[in-house]
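4 protein chains.
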Amino acid sequence: MSVSIKVGVIGMGQMGTYHAQIYSKLPMVELVAVCEYNDQRRKEVQEQFGCKAYKDYNELLADPEIDAVSIVLPDNMHRQCVEVAVANKKHILLEKPLAKTLEDGKALYEITKDYDKVFTVGFLLRFDPRFNMVKQALDQGELGDIIHLYCRRNSPITGPKRYVGASDLSMHVMIHDIDYINWYMGCEPVKVFARGRSVLLKEQDMKDVIYAIVTYENGAIACLEACWVLPENSPTIIDDKLELVGTKGVAYVDSCDHGVRFVSEKRISYPDSRHWYYTNGEISGDLAEELMAFINNIANGTKSIITPKEAFDSLRVVDAIERSMQEGKEVEL
Amino acid sequence: MSVSIKVGVIGMGQMGTYHAQIYSKLPMVELVAVCEYNDQRRKEVQEQFGCKAYKDYNELLADPEIDAVSIVLPDNMHRQCVEVAVANKKHILLEKPLAKTLEDGKALYEITKDYDKVFTVGFLLRFDPRFNMVKQALDQGELGDIIHLYCRRNSPITGPKRYVGASDLSMHVMIHDIDYINWYMGCEPVKVFARGRSVLLKEQDMKDVIYAIVTYENGAIACLEACWVLPENSPTIIDDKLELVGTKGVAYVDSCDHGVRFVSEKRISYPDSRHWYYTNGEISGDLAEELMAFINNIANGTKSIITPKEAFDSLRVVDAIERSMQEGKEVEL
Amino acid sequence: MSVSIKVGVIGMGQMGTYHAQIYSKLPMVELVAVCEYNDQRRKEVQEQFGCKAYKDYNELLADPEIDAVSIVLPDNMHRQCVEVAVANKKHILLEKPLAKTLEDGKALYEITKDYDKVFTVGFLLRFDPRFNMVKQALDQGELGDIIHLYCRRNSPITGPKRYVGASDLSMHVMIHDIDYINWYMGCEPVKVFARGRSVLLKEQDMKDVIYAIVTYENGAIACLEACWVLPENSPTIIDDKLELVGTKGVAYVDSCDHGVRFVSEKRISYPDSRHWYYTNGEISGDLAEELMAFINNIANGTKSIITPKEAFDSLRVVDAIERSMQEGKEVEL
Amino acid sequence: MSVSIKVGVIGMGQMGTYHAQIYSKLPMVELVAVCEYNDQRRKEVQEQFGCKAYKDYNELLADPEIDAVSIVLPDNMHRQCVEVAVANKKHILLEKPLAKTLEDGKALYEITKDYDKVFTVGFLLRFDPRFNMVKQALDQGELGDIIHLYCRRNSPITGPKRYVGASDLSMHVMIHDIDYINWYMGCEPVKVFARGRSVLLKEQDMKDVIYAIVTYENGAIACLEACWVLPENSPTIIDDKLELVGTKGVAYVDSCDHGVRFVSEKRISYPDSRHWYYTNGEISGDLAEELMAFINNIANGTKSIITPKEAFDSLRVVDAIERSMQEGKEVEL
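Those sequence lines, one after another, are chains A, B, C and D. Residue 249 in full-length UniProt numbering sits at position 249 of the first sequence, with consecutive numbering throughout. Residue 233 in full-length UniProt numbering sits at position 233 of the second sequence, with consecutive numbering throughout. Residue 304 in full-length UniProt numbering sits at position 304 of the third sequence, with consecutive numbering throughout. Residue 114 in full-length UniProt numbering sits at position 114 of the fourth sequence, with consecutive numbering throughout.
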């Protein structure tokens with residue numbers, strides 16, 4: 001006989017709703033509350049999930065029935081919400097990034113680094129088997145030392161048009177790659193040269209594309225590409241690739257297609273079958289794995305594999321990329 | 001507060017051990033017993049899982065603490081073990097196939113078709129997002145009616161050399177495709193022409209390859225290929241493909257690579273990142289999804305999406321394939 | 001100093017026009033005449049190529065200036081035209097197939113088997129490096145003996161809608177694969193089971209799809225698929241694949257994409273970069289290789305690698321496929 | 001009746017031998033002489049080709065019978081040999097690069113820019129249908145304006161170990177991509193940031209990898225990767241990729257495989273079926289197309305599509321890449 005873990009989700013946009021669906025599916029986990037500021041949306045999700053629905057996250061976080069929360073809010077609200085959650089001693093899964101600014105990130109790093117509850121940041125690719133297997137091959141020495149790597153994370157222009165004003169390419173997209181690259185390298189990034197360009201998103205004052213060359217303490221070079229202006233009819237939701245060259249071997253990740261493709265009168269599509277997808281009516285994929293790992297950390301009293309230090313380091317690289325683009329030259333971290 | 005579900009696993013070979021690892025990981029599920037006939041292996045798994053370890057499955061099935069069992073035994077033991085499990089009112093997940101013979105399959109179909117506990121057969125591809133998404137596209141009418149399909153399930157010769165005497169190609173491999181094709185078609189298979197050949201496995205009296213052309217009630221044609229004599233150094237563990245042509249669209253599944261590839265001094269490999277793989281030390285993939293669905297069926301009092309009728313129908317097609325190869329002509333079901 | 005080879009092309013449809021363009025480009029080959037029955041089209045091509053333009057092929061074939069001809073006429077006109085060309089002692093490149101009927105094919109085989117000029121049939125894939133390299137690997141023993149093979153040649157429904165009444169799937173499409181498979185096997189096909197289906201092309205009385213299982217003298221099995229009802233917006237013009245499993249190795253050909261892909265507002269396309277394509281305004285690809293080999297056979301007094309016997313054998317397999325579909329059972333050759 | 005073109009090849013290493021084989025195959029072209037310094041090799045090729053064989057290229061270039069030459073010598077010999085060929089009024093196909101130094105390149109540019117015979121530099125990818133089709137799509141406006149592009153040209157470590165002392169990564173490999181990118185852009189490169197690294201080739205004082213970010217006059221960004229330290233058992237001889245993002249569409253080139261793959265006991269290989277390969281005993285591919293274009297330029301009195309200015313511009317970018325790596329910062333052209 002055991003007690004189920006009682007969970008709340010703060011922020012019921014697309015990602016927050018996925019979190020709620022996954023918690024609803026996990027055996028013996030109980031979704032007891034959601035929080036949504038928009039009245040209409042709050043009403044909808046309350047009906048969908050049949051649980052408490054708060055407007056104010058302070059109230060949800062004060063609810064003593066709740067053990068653990070997913071925080072899925074806009075980047076600029078991360079700091080304050082996490083501070084309240086920490087004050088209320090909740091286990092916390094914060095959607096990436098750690099914070100919108102380096103200053104906020106530093107503050108969050110300080111209050112979470114020795115936190116005695118579970119604290120984790122949702123860097124999904126840590127749970128993607130493809131990126132995870134590369135880490136395993138590195139740890140087992142099969143690839144030798146990293147000489148250099150190239151990665152790409154490109155997507156159709158439909159995405160940024162939804163995020164105008166809320167986030168930019170380095171923070172929203174590139175940070176995924178920054179996180180796993182730092183994890184692979186196992187040492188500090190020291191220099192960054194980045195160049196971006198605004199053409200199709202010029203009016204929105206957003207970058208179409210960024211290239212960044214990051215040099216690490218060990219001499220390894222990482223070349224990152226992020227572009228979110230692919231044509232709307234691109235068949236792939238996210239075209240992410242990795243090529244990592246080590247002294248003993250090479251690893252490749254390629255998700256141009258995910259193993260299933262459709263060509264019909266309406267569309268050519270290569271749907272995502274990695275991150276969140278439905279099988280037999282249930283949401284599945286590595287987002288579910290991430291949440292299950294969070295629940296298991298709580299149940300077993302263990303720490304997350306993603307540390308506050310790592311979440312902060314990703315933010316530092318994002319900051320350096322932005323500085324390099326502004327200054328037109330290589331910058332130091 | 002809730003009661004965890006208590007599970008036993010019968011048969012601790014490779015697949016049974018995966019089942020036990022997954023149950024150990026699922027939040028709030030408790031692995032309370034395993035069963036293994038081999039003394040040495042039983043000792044190993046008892047240490048690994050720290051639970052009861054029976055030699056005789058009759059004893060495990062008589063254990064009143066156990067709610068649910070995975071049965072992962074050789075095909076010819078399926079019938080008797082399921083009969084005992086049913087007598088003991090356990091929830092049952094039986095690894096495919098339903099049985100070794102049509103007669104045994106018929107008997108199991110009869111005793112499980114109205115069983116009031118959960119009974120399911122482990123046709124893994126039902127939980128593979130790629131094959132599942134094709135079913136969804138069919139159900140949504142996006143592909144129109146099926147005109148024809150081709151599928152392949154090929155693998156290196158290392159596999160059959162382990163199974164000598166225990167199973168053959170149609171029953172062990174092709175049945176996976178038969179199951180999902182029947183599921184896609186939604187009507188009865190009526191005729192089968194099959195041709196096989198034994199070259200590299202001639203001494204083992206096993207088929208190297210089988211081609212089968214199955215015609216369905218609705219006129220649709222399915223062409224199946226299974227071959228398990230690919231070179232040992234094949235980079236892909238299972239090269240499975242599907243091409244389904246409908247009146248409104250086409251679906252393709254291709255797992256020649258799973259999105260991650262390694263080229264190192266030792267090997268070129270495209271590891272499986274679908275069925276069972278490890279991320280951060282935890283076993284993941286669609287086998288875990290299958291077991292989670294089984295647990296959720298138990299917890300929610302629902303039926304499995306895989307029915308005894310479907311499991312029996314797959315067996316009928318396997319039988320027809322074998323008959324066609326022997327008789328050298330098309331046979332009826 | 002040398003004499004250029006003077007060539008005529010009979011039939012100025014799409015393929016015939018490619019022939020004429022290639023001859024125009026080949027160094028020191030001279031396109032001296034074309035033949036086209038349609039007055040409007042004949043006027044156009046006369047302007048395009050600036051050469052003689054006949055309406056009646058008998059006249060072109062009687063023209064003493066002409067050394068060699070490409071015959072690119074409808075299948076049912078092949079026999080008569082070749083007979084006249086032979087009577088006029090021309091070197092002949094006949095577009096595949098040899099003839100429309102087995103009877104015509106037999107007659108052509110008889111008059112060309114000992115012909116003392118160059119006679120060849122345009123089985124293009126003999127010059128496709130991919131299919132050619134598989135033959136080379138077989139000849140070098142690298143793949144061992146053929147156990148079995150699967151091939152596919154699928155294309156959008158735009159194709160057959162152009163050919164209504166003129167050709168069917170086995171003769172127009174599948175014969176390409178039949179030719180190279182016979183070439184690979186190096187022995188006689190002995191039995192054929194085929195099943196086809198008409199759904200989208202039912203009104204046109206054409207097959208949508210054919211599956212054929214051909215068994216060879218050496219025991220090897222070939223499974224052929226041809227389908228020409230893929231959606232109009234399919235990105236690939238011809239999706240042709242081959243998987244050949246030998247006792248020592250496996251060969252794969254896959255032309256789902258040809259190495260270059262476009263995703264634009266207008267289209268997703270994977271253009272052909274094998275058979276005929278333009279680079280810097282010049283037509284290139286294996287069709288050009290085929291014609292150059294024909295010219296070199298003439299210049300050097302050698303025979304074509306494609307023999308009348310082989311061209312006739314392909315026709316015999318097509319005939320067996322049609323018989324098997326009609327009779328609903330396996331037939332002998 | 002026409003006169004055949006008489007050709008000589010200077011330098012009978014691997015590439016020079018391919019040139020000679022292709023000239024031997026082209027209808028009505030006559031290979032009349034080769035030049036090879038090494039006595040043993042010269043004897044071999046004289047037997048193979050049955051033509052005159054000079055030791056000293058000055059003698060070959062003074063031979064009045066020869067209309068045209070391929071110069072396939074080490075980079076540092078290009079300048080002097082071209083100067084003699086120009087003095088002798090030969091049509092010239094010079095293997096890339098234009099020269100080893102910027103100074104030599106400038107000199108060659110000056111003497112060839114108004115040369116009244118054919119002069120071309122062997123940038124092979126101009127004749128590769130994949131890269132050529134991208135140019136065509138750009139010219140037709142289908143892709144809009146170039147926003148940015150990424151390209152890769154990676155290969156196994158077996159290559160550079162043969163070139164020690166003779167060439168480096170930027171000059172030998174990256175220059176291929178520089179040439180077609182300049183061609184695509186249609187405007188001047190203005191700034192280059194490059195970073196390289198020597199690990200496996202440290203002793204040879206060669207770079208393992210170079211990343212270069214080139215910014216063009218029109219604002220477009222090109223990110224180039226070249227690495228030639230992939231494991232020896234890499235299945236692909238050259239892994240070259242291109243992703244070009246325009247304002248209206250995207251183009252991709254990917255040659256990880258060329259459409260044909262072998263998995264045998266001995267090897268996993270994806271052989272080249274683009275550049276030079278044998279079909280039915282004849283050398284084929286885009287190198288043959290390049291030479292045929294050279295012959296046609298001679299026969300028709302036209303200019304090559306590759307100009308001295310373009311060949312010199314590629315050299316200027318190589319020089320800037322080297323300067324940027326040395327100075328550790330972005331440099332101007």
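Rather than coming from a laboratory, the hints here were simulated on the basis of the structure. Please note that the accuracy of each hint is not assured.
Which copy is meant is left open, so a pair is good if it fits within one copy or across any two.
As the list claims (entries may be wrong) - Mimicking DMTMM-like on lysine to aspartate or glutamate, the simulated pairs with C-alpha atoms at most 25 Å apart in a straight line are:
| no. | residue 1 | residue 2 |
| --- | --- | --- |
| 1 | K191 | D257 |
| 2 | K329 | D139 |
| 3 | K43 | D145 |
| 4 | K106 | E83 |
| 5 | K117 | E322 |
| 6 | K25 | E322 |
| 7 | K329 | D75 |
| 8 | K25 | E265 |
| 9 | K202 | E142 |
| 10 | K191 | D319 |
| 11 | K266 | D139 |
| 12 | K89 | E110 |
| 13 | K25 | E282 |
| 14 | K202 | E282 |
| 15 | K100 | D254 |
| 16 | K248 | D272 |
| 17 | K161 | D145 |
| 18 | K89 | E142 |
| 19 | K55 | E142 |
| 20 | K43 | D257 |
| 21 | K135 | D257 |
| 22 | K191 | E327 |
| 23 | K202 | D56 |
| 24 | K191 | E322 |
| 25 | K135 | E282 |
| 26 | K117 | D205 |
| 27 | K113 | D254 |
| 28 | K248 | E327 |
| 29 | K329 | D254 |
Going through the hints against the structure:
When the C-alpha separation of K191 and D257 is checked against a cutoff of 25 Å, the pair qualifies neither within a copy, at 33 Å, nor between copies, at 35 Å. For a Cα distance limit of 25 Å, the shortest separation of K329 from D139 qualifies neither inside one copy, at 34 Å, nor across copies, at 33 Å. Taking the shortest alpha-carbon separations for K43 and D145, neither the intra-copy value of 53 Å nor the inter-copy value of 39 Å comes in at or below 25 Å. Taking the shortest alpha-carbon separations for K106 and E83, only the intra-copy value of 13 Å comes in at or below 25 Å, while the best inter-copy value is 62 Å.
In the homo-oligomer, the alpha carbons of K117 and E322 never lie at most 25 Å apart, since the shortest distance is 33 Å inside one protomer and 52 Å across protomers. In the homo-oligomer, the alpha carbons of K25 and E322 never lie at most 25 Å apart, since the shortest distance is 40 Å inside one protomer and 41 Å across protomers. Taking the closest pair of Cα atoms, K329 and D75 never come within 25 Å of each other, the shortest separation being 27 Å inside a single copy and 33 Å across copies. In this homomeric assembly, K25 and E265 never come within 25 Å of each other (Cα to Cα): the closest approach is 34 Å inside a single copy and 39 Å across copies.
In this homomeric assembly, K202 and E142 come within 25 Å of each other (Cα to Cα) only across copies, at 21 Å, whereas the closest approach inside a single copy is 44 Å. Taking the shortest alpha-carbon separations for K191 and D319, both the intra-copy value of 12 Å and the inter-copy value of 24 Å come in at or below 25 Å. In this homomeric assembly, K266 and D139 come within 25 Å of each other (Cα to Cα) only across copies, at 16 Å, whereas the closest approach inside a single copy is 45 Å. With identical chains, the CA atoms of K89 and E110 are at most 25 Å apart within one copy only, with a shortest distance of 16 Å there and 54 Å across copies.
Taking the shortest Cα distances, K25 and E282 sit within 25 Å of each other both inside one copy (7 Å) and across copies (19 Å). In this homomeric assembly, K202 and E282 never come within 25 Å of each other (Cα to Cα): the closest approach is 40 Å inside a single copy and 40 Å across copies. Taking identical chains as interchangeable, the C-alpha atoms of K100 and D254 are never at most 25 Å apart, the minima being 29 Å within one chain and 37 Å between chains. Taking the closest pair of Cα atoms, K248 and D272 come within 25 Å of each other only across two copies (22 Å); inside a single copy the shortest separation is 31 Å, beyond that limit.
In the homo-oligomer, the alpha carbons of K161 and D145 lie at most 25 Å apart only across protomers (20 Å), although the nearest pairing inside one protomer, at 40 Å, exceeds that limit. Within a single copy, K89 and E142 get their C-alpha atoms no closer than 41 Å, and across copies no closer than 48 Å, so neither meets the 25 Å cut-off. For the identical chains of this complex, K55 and E142 are neighbours neither inside a copy (51 Å) nor across copies (39 Å), given an alpha-carbon limit of 25 Å. For the homomeric pair K43 and D257, neither the shortest alpha-carbon distance inside one copy (37 Å) nor that between copies (44 Å) is at most 25 Å.
For a Cα distance limit of 25 Å, the shortest separation of K135 from D257 qualifies both inside one copy, at 22 Å, and across copies, at 18 Å. In this assembly of identical chains, K191 and E327 lie within 25 Å of each other by CA distance both inside one copy and across copies; the values are 14 Å within and 15 Å between. In this assembly of identical chains, the alpha carbons of K202 and D56 never lie at most 25 Å apart, being 36 Å within a copy and 60 Å across copies at closest. Taking identical chains as interchangeable, the C-alpha atoms of K191 and E322 lie at most 25 Å apart whether they share a chain (13 Å) or sit on different chains (19 Å).
Taking the closest pair of Cα atoms, K135 and E282 come within 25 Å of each other only across two copies (14 Å); inside a single copy the shortest separation is 29 Å, beyond that limit. For the homomeric pair K117 and D205, neither the shortest alpha-carbon distance inside one copy (40 Å) nor that between copies (52 Å) is at most 25 Å. Within a single copy, K113 and D254 get their C-alpha atoms no closer than 34 Å, and across copies no closer than 44 Å, so neither meets the 25 Å cut-off. Neither within a single protomer nor between protomers do K248 and E327 lie at most 25 Å apart by alpha-carbon distance, with minima of 37 Å and 30 Å respectively.
Neither within a single protomer nor between protomers do K329 and D254 lie at most 25 Å apart by alpha-carbon distance, with minima of 31 Å and 31 Å respectively.
Checked against the numbered hints above, the structure breaks hints 1, 2, 3, 5, 6, 7, 8, 14, 15, 18, 19, 20, 23, 26, 27, 28, 29 and satisfies the rest.
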